[in-house]
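Asks: In case you want the letters, here they are:
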Amino acid sequence: MKVSARNTFSGTVSNITKGAVNSEVVLELKGGVSIVATVTNGAVTNLGLKNGDAAFAIVKASSVIIGTDLHDAKVSARNMFCGTIATIIEGPVSTEVDIEIGGGNLVSAVITHGSSMKLGLKVGGHACAMFKASSVILGVA
Amino acid sequence: MKVSARNTFSGTVSNITKGAVNSEVVLELKGGVSIVATVTNGAVTNLGLKNGDAAFAIVKASSVIIGTDLHDAKVSARNMFCGTIATIIEGPVSTEVDIEIGGGNLVSAVITHGSSMKLGLKVGGHACAMFKASSVILGVA
Amino acid sequence: MKVSARNTFSGTVSNITKGAVNSEVVLELKGGVSIVATVTNGAVTNLGLKNGDAAFAIVKASSVIIGTDLHDAKVSARNMFCGTIATIIEGPVSTEVDIEIGGGNLVSAVITHGSSMKLGLKVGGHACAMFKASSVILGVA
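Residue numbers (UniProt numbering), protein chains in the order written: chain A, 1 to 141; chain B, 1 to 141; chain C, 1 to 141.
Bound conformation, chain A alone (with noise of 0.2 Å):
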């Protein structure tokens, strides 16, 4: 399977929490980070999830903000990584952003120019990607 989501990441589920409809579901990914996705009750079914079962995220790269001076930000979006801006790729409406969240990760977000402009974002900056629980697409190989 190759698919056009630019961020997708390993790990091992280590909670399922089910509602009427969806389902919350946290991938614990290597060093402790965790990943917290909310997906139909019927996807977790279709995928046969359990605590334990090897799993991964995608993450559309159009679903993710991209924040500075975010150490104490307040938001409601469960996920957030921050690092180092590794690229930036402008465009006229659009610009894409990748940020080095250590062990060789990277993820992508694409923002709009505009913000990108009034952010000052830079490579080698420092910066924050953020994106909900119901952005995460949920995956099992």
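Because the hints were derived from the structure by calculation, they are not lab data.
Take every hint as true, because none was put in to throw you off.
Chain B residues, not near chain A, derived (Cβ > 10 Å throughout):
#1 28
#2 32
#3 122
#4 125
In silico DSSO-like links for lysine-lysine, alpha-carbon gap of 30 Å or less:
#5 A/118 x C/2
#6 C/2 x A/74
#7 B/30 x B/18
#8 A/30 x A/74
#9 A/122 x A/74
#10 C/18 x B/50
#11 B/118 x A/122
#12 C/74 x B/2
#13 C/74 x C/122
#14 C/74 x B/18
FRET-style restraints, in silico, Cβ to Cβ:
#15 B/122 x C/52: 54 to 60 Å
#16 B/86 x A/8: 23 to 29 Å
#17 C/118 x B/52: 28 to 34 Å
#18 B/86 x A/87: 29 to 35 Å
#19 A/87 x B/50: 48 to 54 Å
If you're wondering where the values come from, they're calculated on a predicted model, not measured in any experiment.
Beta carbons are placed, not taken as given, at the ideal position from N, Cα and C, and that holds for glycine.
Use these hints to put chains B and C onto chain A, whose structure you have.
Replies: Chains B and C in isolation, oriented as in the chain A frame:
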């Protein structure tokens, strides 16, 4: 009503599962294909949705992930359509990919230029479009 | 905190409905307009959100759909703002559209160039911006 979202699908509501906050709504399209949407209970009430109602699903192109070699893919995304790539429009950051999924229907996706290159997408090639139930907006005429 | 998301709205929490996994939070803005957000229960707990709290809503421009002739539209998207198109920035694939919704507030959307053409959007024209409750990130200062 005219909306910017590139993807609209007409169908009939075939199932509604209500939770405390969200409902899962299944829309059966012509030919037996289904689309799964999660919307708030408030939306179900506002629209007066019930089984057998005609409704349509709206999906933004930016919510759609393109994949290849997805034949044995196991992902949580509840909606997947496969077909032939009809159009590719390249930009410096973003690329639009339109997939013909039969019956004259197109699914449009906006992905990064980098992903398009990585996947080696070409007009006439086979590809699949997938999107989460939470990315679907429902409407009634 | 500075984020790339183009749309932020300040308001007061006026209602929280808790489910097993997600909560629906209503944020009342000045002038009586409301924004509906669905976030995980974990996020509500992390932020300590309760009725009467000041909070803000963050929405990525890529989550916003632009519509015209929406006066009698019936869609599940819980959030809709109408006004006058203030800016259009065209790219080969993406187009940014900014709508003035009164009180000096702007809502920014990134849509495809093709949709912008199809809708015939022009600066000074009337249009509406809509987004799902699940696209909203909440924050507190």
